[in-house]
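As a plain string of letters, each chain reads:
2 protein chains.
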Amino acid sequence: MNVTLLAGGVGGARLAHGLDLALGAAPTGKPAPALTVVVNVGDDTELHGLDISPDIDTVLYTLAELNDEERGWGLRGESYATLTALKDLGEDTWFTLGDRDLATHIVRTARLRRGEPLSAVTAHLAASMGVRPRVLPATDDRLATLVDTPSGRLGFQEYFVGRQHADAVLGLHFDGADAARPAPGVLDALAAELVVLAPSNPFLSIEPLLAVPGVRQALTDAPGRRVAVSPIVGGQAIKGPAAQILESLGHEVSALGVARIYAGLVDVMVIDERDANLAGAVADLGLTVHVTDTIMGGPPGRERLARELLAFA
Amino acid sequence: MNVTLLAGGVGGARLAHGLDLALGAAPTGKPAPALTVVVNVGDDTELHGLDISPDIDTVLYTLAELNDEERGWGLRGESYATLTALKDLGEDTWFTLGDRDLATHIVRTARLRRGEPLSAVTAHLAASMGVRPRVLPATDDRLATLVDTPSGRLGFQEYFVGRQHADAVLGLHFDGADAARPAPGVLDALAAELVVLAPSNPFLSIEPLLAVPGVRQALTDAPGRRVAVSPIVGGQAIKGPAAQILESLGHEVSALGVARIYAGLVDVMVIDERDANLAGAVADLGLTVHVTDTIMGGPPGRERLARELLAFA
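Keeping their order, the protein sequence lines are chains A and B. Residue numbering for the first sequence follows my numbering, beginning at 1 and increasing consecutively. Residue numbering for the second sequence follows my numbering, beginning at 1 and increasing consecutively.
Chain A extracted, bound-state conformation (with noise of 0.2 Å):
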């Protein structure tokens, strides 16, 4: 069985985590299931020079199981003695590099430098620290969200990092997204058994995801079956600012909003259960509700949600 996973940061790489144990613990004797995550390239940056990819990293570093799981983003025991060097030569350092996470950083900004394709970038690092499940990034080619706020358009990583997401957002636009292609192999993920759509922010890593031309119309038309968790819960965002978003872009703040924005893209929607209520309206969408618990936590209740996802397959 293959199975395709469309992530952007945390909520995604918990999910590919939780995809990853249950199907390395499937029985043995048959065909090993694959998994292939999809990961944004969305919030992509370059900092001091280095060639910089969040939800990339994320992803990988949640599957190598280096990450920090209480902050959700970065590694485990990090040191940050070159960041405090960096403010020493004056550089602007309001974005938060660790020292081990630096290496990734550097390692991927040569290679890039180098005129290597970032997906092959990205294989190199996942195979550099054990990591099963193939990643890919969307597109090997520049795709830049940009926020439209009160404030004027701001690059993701400003809006996101540098003002903490506090503005409005008026708008996104994908820039470079129309130029893009879908990265080797993202396309063929897509025919796979299964398709998830992780507890993402639907617009800010499940969108410029979409952006890249194809890649909608290939999950639009995708022979496996297409899963999507809704990342509100409750009316909230479980982390970062989905629900503001989903509001100040005029759709409902719930799994409900979530599930009218998927419509079409997906057959089944997994909504929490404290969403109960709210069941039928998705059903009448014309999808198949499930109900459960979305909260992952750790591995467990990440190998718990997963494998509840792999008996849509």
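Because the hints were derived from the structure by calculation, they are not lab data. All clues given are correct.
Identical copies go unnamed one by one, so any copy, or any two together, can satisfy a pair.
Distance condition first, Cα-Cα at most 25 Å in a straight line; then the derived SDA-like pairs of lysine to any residue:
#  : residue 1 : residue 2
1  : Lys87     : Arg114
2  : Lys239    : Asp167
3  : Lys87     : Gly115
4  : Lys87     : Leu154
5  : Lys87     : Arg76
6  : Lys87     : Trp73
7  : Lys239    : Asp293
8  : Lys87     : Ala120
9  : Lys87     : Gly155
10 : Lys87     : Glu116
11 : Lys87     : Gly74
12 : Lys239    : Gly72
13 : Lys239    : His165
14 : Lys87     : Ala127
15 : Lys87     : Arg134
16 : Lys239    : Glu273
The hints should help you fit chain B onto chain A, whose structure is shown.
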């Protein structure tokens, strides 16, 4: 008074520090004396996609009093978290890079890639570290010292760090020197009242400076006093492979051998009191000889030697 020092790594950095201390303590009310340090770039290399200028950094760190005095190179109190992580990612980490040191290379690389010349980057780094003297690379262009050995032609850092300068040196080649131009300010700096050749390696540190077209001639024609300090004391190098290279290239391994190389380029040869017996032979080359304790050690020794040199201006 203007003073210019031609410098390689550790020996050059220590004398630069001594001159800065001696000149900084000059009586107030007079115009501030200006020290320019022209630094070898033949050792510069790229590692992990980062541009490393070891001699410039040794000079900057020493002038900023941030250097590791015991080790001679790098910064005091370094940690190595990024290097460890680079190794975990499969990088070849034979060249030790501390976390704080890496910040220097990251900033340099980012600015060079933006099109800033190395001299401007160096000025920025010097200012950020509170370094008072002007520190100039010999050239903003690429000039790479290559070392011919019985095992073939080696890149400088491969010879020096990778193979611990154990190979016999059969010859040196300064790749790119023909097309290199002196960095802005270098030729003017050679018109200073005092020009000092640091007790650096004549072949690995001073020669690549002189190989930049125009520099050797400017030193030959310099209007001020030109003083060289022998890096060979009692037939041995204070640090590094200068003695072996003198021998393998057919020179006498002594302060006299060094004086023969520098004859015509300098007016005064400073030799160590342990080599007082060579004073007559050095004088026979037409050089003024100054015999003193040339082992600088810590800051007081550096300042003392610097004051003796300043007396020649």
